[in-house]
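Protein chains: 2
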Amino acid sequence: MSANVQNSIMLFGDSITQGGWEPGMNGFGANLAHRYARKLDVINRGFSGYNTEWGIPVFEQFFATREQQKDLQIVRLLIIWFGANDSCLVQSPQHVPLAKFATNLKYLVNLVQSPESQYYSPNTRIILATPPPVNTYQRKANLDARDPPLLLDRDFENTRDYAQTVKDVAHEEEVGIIDIWTKMWDAAGHDEQSLSDYLYDGLHLNGAGYQLMYDAVLETIEKTYPELHPDRLEMVFPGWGMIDPNNVVASVQKREQHLV
Amino acid sequence: MSANVQNSIMLFGDSITQGGWEPGMNGFGANLAHRYARKLDVINRGFSGYNTEWGIPVFEQFFATREQQKDLQIVRLLIIWFGANDSCLVQSPQHVPLAKFATNLKYLVNLVQSPESQYYSPNTRIILATPPPVNTYQRKANLDARDPPLLLDRDFENTRDYAQTVKDVAHEEEVGIIDIWTKMWDAAGHDEQSLSDYLYDGLHLNGAGYQLMYDAVLETIEKTYPELHPDRLEMVFPGWGMIDPNNVVASVQKREQHLV
Numbered sequence: 343m344s345a346n347v348q349n350s351i352m353l354f355g356d357s358i359t360q361g362g363w364e365p366g367m368n369g370f371g372a373n374l375a376h377r378y379a380r381k382l383d384v385i386n387r388g389f390s391g392y393n394t395e396w397g398i399p400v401f402e403q404f405f406a407t408r409e410q411q412k413d414l415q416i417v418r419l420l421i422i423w424f425g426a427n428d429s430c431l432v433q434s435p436q437h438v439p440l441a442k443f444a445t446n447l448k449y450l451v452n453l454v455q456s457p458e459s460q461y462y463s464p465n466t467r468i469i470l471a472t473p474p475p476v477n478t479y480q481r482k483a484n485l486d487a488r489d490p491p492l493l494l495d496r497d498f499e500n501t502r503d504y505a506q507t508v509k510d511v512a513h514e515e516e517v518g519i520i521d522i523w524t525k526m527w528d529a530a531g532h533d534e535q536s537l538s539d540y541l542y543d544g545l546h547l548n549g550a551g552y553q554l555m556y557d558a559v560l561e562t563i564e565k566t567y568p569e570l571h572p573d574r575l576e577m578v579f580p581g582w583g584m585i586d587p588n589n590v591v592a593s594v595q596k597r598e599q600h601l602v
Numbered sequence: 343m344s345a346n347v348q349n350s351i352m353l354f355g356d357s358i359t360q361g362g363w364e365p366g367m368n369g370f371g372a373n374l375a376h377r378y379a380r381k382l383d384v385i386n387r388g389f390s391g392y393n394t395e396w397g398i399p400v401f402e403q404f405f406a407t408r409e410q411q412k413d414l415q416i417v418r419l420l421i422i423w424f425g426a427n428d429s430c431l432v433q434s435p436q437h438v439p440l441a442k443f444a445t446n447l448k449y450l451v452n453l454v455q456s457p458e459s460q461y462y463s464p465n466t467r468i469i470l471a472t473p474p475p476v477n478t479y480q481r482k483a484n485l486d487a488r489d490p491p492l493l494l495d496r497d498f499e500n501t502r503d504y505a506q507t508v509k510d511v512a513h514e515e516e517v518g519i520i521d522i523w524t525k526m527w528d529a530a531g532h533d534e535q536s537l538s539d540y541l542y543d544g545l546h547l548n549g550a551g552y553q554l555m556y557d558a559v560l561e562t563i564e565k566t567y568p569e570l571h572p573d574r575l576e577m578v579f580p581g582w583g584m585i586d587p588n589n590v591v592a593s594v595q596k597r598e599q600h601l602v
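Protein chains in written order, with the working numbering: chain A, 343 to 602; chain B, 343 to 602.
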């Protein structure tokens, strides 16, 4: 019911996406919302604990069908960020096998990009993001401290494989990629324990981690879909200095944002 | 194009609203978005520099008409927060006379609440918010330091009158009220210079100011529209612990949020 005047960026993922607005965490979602204020709304579709297997049937409920789209805002950019839960070890109910993870990501991309899909949305650009690296030292300490203590549920190398799969799928499907796994690993000097500079519990990002992600989002937008960079989008409604007090209504008319 | 699955809270106002997602500022918009994650989207419709006179024709473009509403998310709560610019002194192009300010606020409320309005939205609750008090010491220093220096454009008593008018309109129209003017004035011990604890430039809120506002929003929701308090809203899609791995699709079905 906000009418069809401002399009959006949709962030779809797990708790690392859902937590992207968390107070005091320098969340990438909140910061993107600020950067795109009056240009694109930034919508949180993060689902704590979810993997791609559970994300798909939820996506099929919240993403508009081709029929519904004509009345709704356009999702100009969809960032899909999964893998942190899919890569849980096999004993976890969150585990999704690597091949199935790849299939699920491709399925999601094709839901939006295939002209045959009922969710086909030709003006939605897609970026896949890799899961961050796991700091198993931090993660183990966190799980040990719970009551009752839990066994380690993730593994450094395994998550790396899921990150590689996201890159492979992005390459194959020719969509954008945010390789936060590599950015964070590089920033930590290729030292697993130093990942604590970017993760608060070995799995979830702290403020410095979200800063890496925010910067990486804008870098990928600039590289892959430059027309969506905030510097290239006009505000939907003009700045107040443009308003003619003698002709207010004409001077505050909505601007059409060009679709490239 | 996010389909009709998650309703929203819309924050409509000036720069103090627009800035409510600003990084490192503990913005009330970002924090509300976090608090309502997976329950209601929080939409930024803040327009820096705008007054009610300019806000109305913009509102009439972005708020859905009765006809459009049937396909769109419901704005469950609309917070209207103006007055900081309307209360500029008469020489400013942003100035709106006090009586006209009251008329404009009533007009906005009736656009949404009057069954005769083409924007009539019976499931949208409204809260009006008062402008914060002005710290003219801080504001004067800020304007003096500009190149060229600017004359003081706002006045403590005058803004207080606009705040009182917001309260009067809210009472008359029987909608919710957030009296951040009084909350901030009380918090500053009724000492104008101490308002710098809550304002970074005499006009705009700092982190402590936004914290007062965030708390006041939830307090007013609890008091006036308790059914919209985040503690009383279910998540639209269930938490991952509720998912039955043997029956995923059935267990992730969207829940209907009860409209009171």
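No lab work stands behind these hints, which were simulated from the structure alone. Everything numeric in this text was worked out from a predicted model, so none of it was measured. Hints are not guaranteed to be accurate.
If chains are identical, the list can't say which one is meant, so a pair holds when it fits in one copy or spans any two.
Heads up, simulated DSS-like pairs for lysine-lysine below, C-alpha to C-alpha not over 25 Å straight-line [stated by the list, open to error]:
#, residue 1, residue 2
1, Lys596, Lys412
2, Lys448, Lys565
3, Lys442, Lys509
4, Lys448, Lys596
5, Lys381, Lys509
6, Lys525, Lys412
7, Lys442, Lys565
Each hint tested on the structure:
1. Lys596 with Lys412: Both. Shortest intra-copy (18 Å) and inter-copy (22 Å) distances satisfy the 25 Å Cα cut-off.
2. Lys448 with Lys565: within (22 Å within a copy, 47 Å between copies)
3. Lys442 with Lys509: Close inside one copy (15 Å), not across copies (58 Å); limit 25 Å.
4. Lys448 with Lys596: Result: close only across copies, 24 Å inter versus 36 Å intra.
5. Lys381 with Lys509: neither (29 Å within a copy, 32 Å between copies)
6. Lys525 with Lys412: neither (38 Å within a copy, 44 Å between copies)
7. Lys442 with Lys565: This pair counts as neither: shortest intra-copy Cα distance 29 Å, inter-copy 49 Å.
In this structure, the hints that do not hold are numbers 5, 6, 7, in rising order.
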